[in-house]
Amino acid sequence: MYKIGVIGDRDSVLGFKAVGLDVFPCHDKDEAKEALHRIAKEDYAIIYITEGLCKDMIEDIEKYKDERVPAIIPIPGMDGSYGIGLTNLKKSVERAVGADILFGDE
Amino acid sequence: MEIRVSATRMQLLATRKRLVMAERGHKLLKDKLDELMKHFLELIRTEHGLREEVEDALVHALPGFLEARATMSNELMEAALLVSRAQSKIDAASRNIMNIKVPELTWVIGEVQDVYPYGFYRTSAALDDAVEGLTMIMPKLVKLAEVEKSIELLASELERTRRRVNALEYVVIPNLKETVRYVVMKLDEAERGNLTRLMKVKEIVKEKRA
Chain A
0 MYKIGVIGDR
10 DSVLGFKAVG
20 LDVFPCHDKD
30 EAKEALHRIA
40 KEDYAIIYIT
50 EGLCKDMIED
60 IEKYKDERVP
70 AIIPIPGMDG
80 SYGIGLTNLK
90 KSVERAVGAD
100 ILFGDE
Chain B
0 MEIRVSATRM
10 QLLATRKRLV
20 MAERGHKLLK
30 DKLDELMKHF
40 LELIRTEHGL
50 REEVEDALVH
60 ALPGFLEARA
70 TMSNELMEAA
80 LLVSRAQSKI
90 DAASRNIMNI
100 KVPELTWVIG
110 EVQDVYPYGF
120 YRTSAALDDA
130 VEGLTMIMPK
140 LVKLAEVEKS
150 IELLASELER
160 TRRRVNALEY
170 VVIPNLKETV
180 RYVVMKLDEA
190 ERGNLTRLMK
200 VKEIVKEKRA
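Chains as they are written, first to last, in numbering that gives the first Met the number 0: chain A, 0 to 105; chain B, 0 to 209.
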């Protein structure tokens with residue numbers, strides 16, 4: 000059985016505690032990075048990170064890209080969405096297909 | 000284009016064999032690529048819709064917590080949320096897509112019947128709504144994680160396969176074909192040289208006899 004973790008600013012993640020997720024409130028990206036690397040080694044299948052923090056730690060997240068667990072998923076936090084999820088998707092498509100076939104005309 | 004074989008019949012046969020092998024491998028890999036791509040595009044389509052839905056829902060649900068915080072004291076709210084006994088777990092199985100293991104995640108919430116982890120005394124209704132909203136989207140959020148991870152894993156496999164197909168198609172196969180051509184020409188040339196030499200020898204022998 001795996002666990003689910005949430006990393007983000009205090010306001011955004013507190014609510015997830017009520018749903019039974021393990022929350023790791025972080026104030027800045029260094030704290031978030033440290034938390035990410037620490038919990039990635041444990042039994043977490045999914046780690047959600049608020050996009051506000053996510054945008055400063057892309058390289059750290061990519062490290063876990065080719066492993067089966069954990070799945071690291073950006074989610075919008077209190078401050079709304081930065082569109083990182085879509086950018087990631089786009090990157091995967093480019094990597095696989097060699098060209099941007101989804102959003103090319105946007 | 001390097002040709003580093005000696006022009007012998009043995010080499011010709013060996014090279015032809017390699018060429019046949021390379022072509023068969025190329026065909027197989029190309030089929031694999033097509034099939035992978037089919038799965039990949041399907042996943043992409045799912046994820047696209049799912050992400051929009053989840054982001055939309057989250058952007059609406061999270062401010063509820065801010066609202067709740069505004070209507071009740073900070074400590075009270077944290078206390079209410081932090082005492083949560085709910086323990087969400089993930090059941091991870093794996094599914095096989097073209098020999099790539101992708102995770103299949105299911106959300107398992109602990110043995111708590113009530114979604115609200117706190118008593119209703121002194122907590123605001125806004126908090127109830129926010130928690131409910133979040134609970135509602137959790138299954139989707141988990142599904143999103145599953146799909147995104149699958150996409151990432153498939154993407155790396157696709158990239159690798161595509162490279163192999165291209166290497167075979169544009170480097171290995173043309174090189175081998177060139178080699179075969181070179182050896183055939185060389186052998187033909189030797190054959191012709193041999194023939195003229197024989198004719199010449201025959202002529203000389205004839206002259207001597209006469």
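Honestly, the hints are just simulated from the structure, not real lab data.
Errors might be hidden in some of the hints.
Here are the simulated EDC-like cross-link-like pairs (lysine to aspartate or glutamate), alpha carbons at most 20 angstroms apart as the crow flies [stated by the list, open to error]:
#1 B:LYS142 <-> A:ASP65
#2 B:LYS100 <-> A:GLU66
#3 A:LYS90 <-> B:GLU41
#4 B:LYS88 <-> A:ASP99
#5 A:LYS2 <-> B:GLU158
#6 A:LYS89 <-> B:GLU51
#7 B:LYS199 <-> B:GLU188
#8 A:LYS89 <-> B:GLU158
#9 B:LYS100 <-> A:ASP65
#10 A:LYS90 <-> B:GLU22
#11 B:LYS142 <-> B:GLU77
#12 B:LYS37 <-> A:ASP21
#13 A:LYS32 <-> A:ASP42
#14 A:LYS2 <-> B:GLU188
#15 A:LYS90 <-> B:GLU158
#16 A:LYS64 <-> B:GLU158
#17 B:LYS26 <-> A:ASP21
#18 B:LYS176 <-> B:GLU188
#19 B:LYS100 <-> A:ASP42
With beta-carbon atoms standing in for the labels, derived distance ranges [stated by the list, open to error]:
#20 A:ASP78 <-> B:MET20: 40 to 46 angstroms
#21 B:THR70 <-> A:GLY79: 36 to 42 angstroms
#22 B:LYS29 <-> A:GLY79: 41 to 47 angstroms
#23 B:MET97 <-> A:GLU58: 42 to 48 angstroms
#24 B:VAL58 <-> A:LYS62: 41 to 47 angstroms
#25 B:ALA78 <-> A:GLU30: 19 to 25 angstroms
#26 A:GLU30 <-> B:VAL170: 31 to 37 angstroms
#27 B:MET20 <-> A:ARG37: 46 to 52 angstroms
#28 B:ALA166 <-> A:ASP27: 24 to 30 angstroms
#29 A:ASP27 <-> B:LYS29: 44 to 50 angstroms
#30 A:GLU58 <-> B:SER72: 38 to 44 angstroms
#31 B:MET20 <-> A:HIS36: 22 to 28 angstroms
Far from chain A by the CB rule (all over 12 angstroms, computed), these chain B residues [claimed, not checked]:
#32 LEU40
#33 GLY132
#34 ILE136
Glycine included, each C-beta is placed from N, C-alpha and C at the ideal position.
A quick look at each hint next to the structure:
For the proposed pair LYS142 (chain B) and ASP65 (chain A), the alpha carbon gap of about 18 angstroms is at most 20 angstroms, so the pair holds. Of the pairs offered as hints, the one joining LYS100 (chain B) and GLU66 (chain A) holds, with about 10 angstroms between alpha carbons and a cut-off of 20 angstroms not exceeded. Only pairs whose Cα atoms come within 20 angstroms are accepted, and LYS90 (chain A) paired with GLU41 (chain B) is accepted, the gap being roughly 16 angstroms. A hinted pair counts as satisfied when its Cα atoms are at most 20 angstroms apart, and LYS88 (chain B) with ASP99 (chain A) does not qualify at roughly 36 angstroms.
Straight-line distance between C-alpha atoms of LYS2 (chain A) and GLU158 (chain B) comes to about 30 angstroms, which puts the hinted pair past the 20 angstroms bound. Restraint check for LYS89 (chain A) and GLU51 (chain B): the C-alpha separation of about 14 angstroms stays at or below 20 angstroms, so the hint holds. For the given pair, LYS199 (chain B) sits about 17 angstroms from GLU188 (chain B) by alpha-carbon distance, which is consistent with the 20 angstroms threshold. The straight-line distance between the Cα atoms of LYS89 (chain A) and GLU158 (chain B) is roughly 14 angstroms, inside the 20 angstroms bound, and the hint therefore holds.
Distance hint between LYS100 (chain B) and ASP65 (chain A) is fulfilled; the C-alpha atoms sit about 11 angstroms from each other, no more than 20 angstroms. With a CA separation close to 31 angstroms, the supplied pair LYS90 (chain A) and GLU22 (chain B) exceeds the 20 angstroms bound. Of the pairs offered as hints, the one joining LYS142 (chain B) and GLU77 (chain B) is violated, with about 28 angstroms between alpha carbons and a cut-off of 20 angstroms exceeded. Distance hint between LYS37 (chain B) and ASP21 (chain A) is unfulfilled; the C-alpha atoms sit about 36 angstroms from each other, more than 20 angstroms.
For the proposed pair LYS32 (chain A) and ASP42 (chain A), the alpha carbon gap of about 17 angstroms is at most 20 angstroms, so the pair holds. With a C-alpha separation of about 72 angstroms, the suggested pair LYS2 (chain A) and GLU188 (chain B) falls outside the 20 angstroms cut-off, and the hint is violated. For the suggested pair LYS90 (chain A) and GLU158 (chain B), the alpha carbons sit about 12 angstroms apart, so the restraint of at most 20 angstroms is met. At most 20 angstroms may separate the alpha-carbon atoms for a hinted pair to count; LYS64 (chain A) and GLU158 (chain B) meet this at roughly 14 angstroms.
For a cut-off of 20 angstroms, the pair hint linking LYS26 (chain B) to ASP21 (chain A) is broken: about 48 angstroms separates their Cα positions. A C-alpha spacing of about 18 angstroms is found between LYS176 (chain B) and GLU188 (chain B), which places the hinted pair at or below 20 angstroms, so the restraint holds. Distance check on the hinted pair: LYS100 (chain B) and ASP42 (chain A) sit about 18 angstroms apart at the alpha-carbon level, within 20 angstroms; holds. ASP78 (chain A) and MET20 (chain B) have their C-beta atoms about 57 angstroms apart, which leaves the hinted 40 to 46 angstroms range violated.
Restraint check, THR70 (chain B) to GLY79 (chain A): a C-beta distance of roughly 22 angstroms breaks the suggested window 36 to 42 angstroms. In this structure the hint that LYS29 (chain B) and GLY79 (chain A) lie 41 to 47 angstroms apart at CB holds, the actual value being about 44 angstroms. In this structure the supplied range 42 to 48 angstroms is violated for MET97 (chain B) paired with GLU58 (chain A), their Cβ-Cβ distance being about 29 angstroms. Separated by about 28 angstroms at the C-beta atoms, VAL58 (chain B) and LYS62 (chain A) break the suggested range of 41 to 47 angstroms.
Separated by about 23 angstroms at the C-beta atoms, ALA78 (chain B) and GLU30 (chain A) satisfy the suggested range of 19 to 25 angstroms. Checked against the hint of 31 to 37 angstroms, the C-beta distance between GLU30 (chain A) and VAL170 (chain B) comes to roughly 48 angstroms, which is inconsistent with it. Take MET20 (chain B) and ARG37 (chain A): their Cβ atoms lie about 49 angstroms apart, and the range 46 to 52 angstroms holds. With their beta carbons about 44 angstroms apart, ALA166 (chain B) and ASP27 (chain A) fall outside the hinted range of 24 to 30 angstroms.
Roughly 48 angstroms separates the CB atoms of ASP27 (chain A) and LYS29 (chain B), a value that falls within the hinted 44 to 50 angstroms. Here the CB-CB span from GLU58 (chain A) to SER72 (chain B) is close to 40 angstroms, well matched to the stated 38 to 44 angstroms. Distance hint for MET20 (chain B) and HIS36 (chain A): a CB-CB separation of about 45 angstroms, inconsistent with the stated range 22 to 28 angstroms. Against chain A, the non-interface label of LEU40 (chain B) is violated: not every CB pair exceeds 12 angstroms, the least being about 9 angstroms.
Once the 12 angstroms rule is applied to beta carbons, GLY132 (chain B) is inconsistent with being away from chain A; the minimum gap is 9 angstroms. For ILE136 (chain B), the shortest C-beta to C-beta distance to chain A comes to about 9 angstroms, within the 12 angstroms cut-off, and the non-interface label is violated.
The structure fails to meet hints 4, 5, 10, 11, 12, 14, 17, 20, 21, 23, 24, 26, 28, 31, 32, 33, 34 from the earlier list, while all remaining hints are met.
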